[in-house]
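Trainee: Sequence order for the protein chains is Y and Z.
FYI, in our numbering the residues of the first sequence are 1 to 224.
FYI, in our numbering the residues of the second sequence are 1 to 275.
In short, the hints are calculated from the structure, not lab data.
Don't take each hint at face value.
[Said to hold, decoys possible] Computed list of lysine-lysine pairs in BS3-like fashion (alpha-carbon distance at most 25 Å, straight line): (1) Lys185/Z - Lys202/Z; (2) Lys68/Z - Lys50/Z; (3) Lys202/Z - Lys192/Y; (4) Lys192/Y - Lys228/Z; (5) Lys68/Z - Lys258/Z.
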Amino acid sequence: MVFQMHEIFSAVRLSLCVGVISTALCALVGIPAGCILAAVTFRGKRLVLCVLNTLLSIPTVVVGLLVYSMICRRSPLGFMDLLFTPSAIVIGQVLLALPIMVLFTCTAVSAVDKAAAETAITLGAGRFATAMVAISEARTGILAAVAATFGRLIGEVGVSMIVGGNIWGYTRTMTTAIALETAKGEFAVAVKLGGILLIMSLGVNMVLQSLKGSLRLRTVEERR
Amino acid sequence: MSAKAAVVATALALMAGASTAAEPRTIKMATTTSTENSGLLAYLLPQFTKATGIGIHVIAVGSGAALKLGENGDVDVVLSHSPAAEREFVAKGYTRERREVMYNDFVVVGPKSDTAGIAGQTNAVAAFKRIADAGAAFVSRGDDSGTHAKEKDLWKTAGIAPRGNGWYIEAGQGMEAVLVMASEKGAYTLTDRGSYIAVENKLQLSILSEGDPALFNLYAVMVVSPDKYPKVKATEAGKFVDWLTSDAGRQAISGFRKNGRQLFFPLGNKAAIGN
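The shape of chain Y in the complex, shown without the other chains (with noise of 0.2 Å):
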């Protein structure tokens, strides 16, 4: 079966209109919690870790079932209509990926030089100027935690499928179309297609990088 362009650009902006609102979602929500992590002490703080650590390798069919035992009709939420929605799709994969934000910001902002806040504090910086600082000594490790997030949604099938329902022209993202059409034996154009998310993939992370870029050249201009 041929795969006419509009198909192509129709998966294209939903995987990538998707995959930037759930980022941003996260990072809207992670970094904060990620800041807040690194910074306090508290007893089963190891154990939170590790369990965050544990849900970087959560199965995303698992956060799909998950969500779509939440939103069903039958489901307590089933009154919003979110099942096979491009939002169910949002919900599922901040879910998902929440836990990569909070913990490679909290890991960044950990391993920033204790130095720097302590100067802060003598210059007579308050606790939110403190924490500003440690999370700009921090920007390129949250940075980088933005790109793994991003990484790992934009090639994620099992919260797509399970709670999108991989709808023509609705909900079909690249990797169900491209799940799809290896189901149909489309061998060929389900790597095209792959080929497509990979060069997508590599467009925002140029934007990303070119962010970073920028960020440090001001802090250069700023130290002068």
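We have chain Y; now place chain Z onto it with these hints.
Mentor: Showing chain Z alone in chain Y's frame:
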């Protein structure tokens, strides 16, 4: 900074694009891989949408899963080919009416070498017995689909319990994937003729046994009952059922060709063929 602005702008543009993607009147249909992957629905549904303005979102799974989605009220209409499971669906009150739409047939396909020697065997059960006797590899859908249900029926009639035998491979995948797997392994499998024709040119398989009345493959459509789920879009879904079984719908089904051949044959309004 400009890079950041570009990221934000792209995200906003994408969000705007996503919000316009939902059509105002759209119903959800769960159906089998055979109707979706063969291209039938891609051919039929635009005609229906053009005639009525109603869009249809298709979730293609096995018949068992499709009926389950109907039972849970997650879709508005179900198109499947698993008569026994469908009658249960009716009996439990998940639909007010099961309407038979079209048919084709199942065929037993296998390697051209035909190690079990079933070529020309028109009795499907006899063919299955020979495959089991020869211990020839057989790939099963294993996914509770309509085809899987039919296959299990045939084994039962043959008095054979295939599971656990080394030659019996349960794939748990859609029809085309199973056909590709059977082709790669030089194995036999049961398939609906439509799916087979759709991927025929990619396979090293031939139709070896066909024509048994037991291999009749009937598709039926059911609107999920609004008595069970008030939010079901029964009016729009009913329009689809009416259209599919109307002259226009039947002509559309007949008009669909794959590799120059007709895959699905519409039933008359009151027709009751086979079964």
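Trainee: Sort out which numbered hints this structure fails and list those numbers smallest first.
Mentor: 2, 4 and 5
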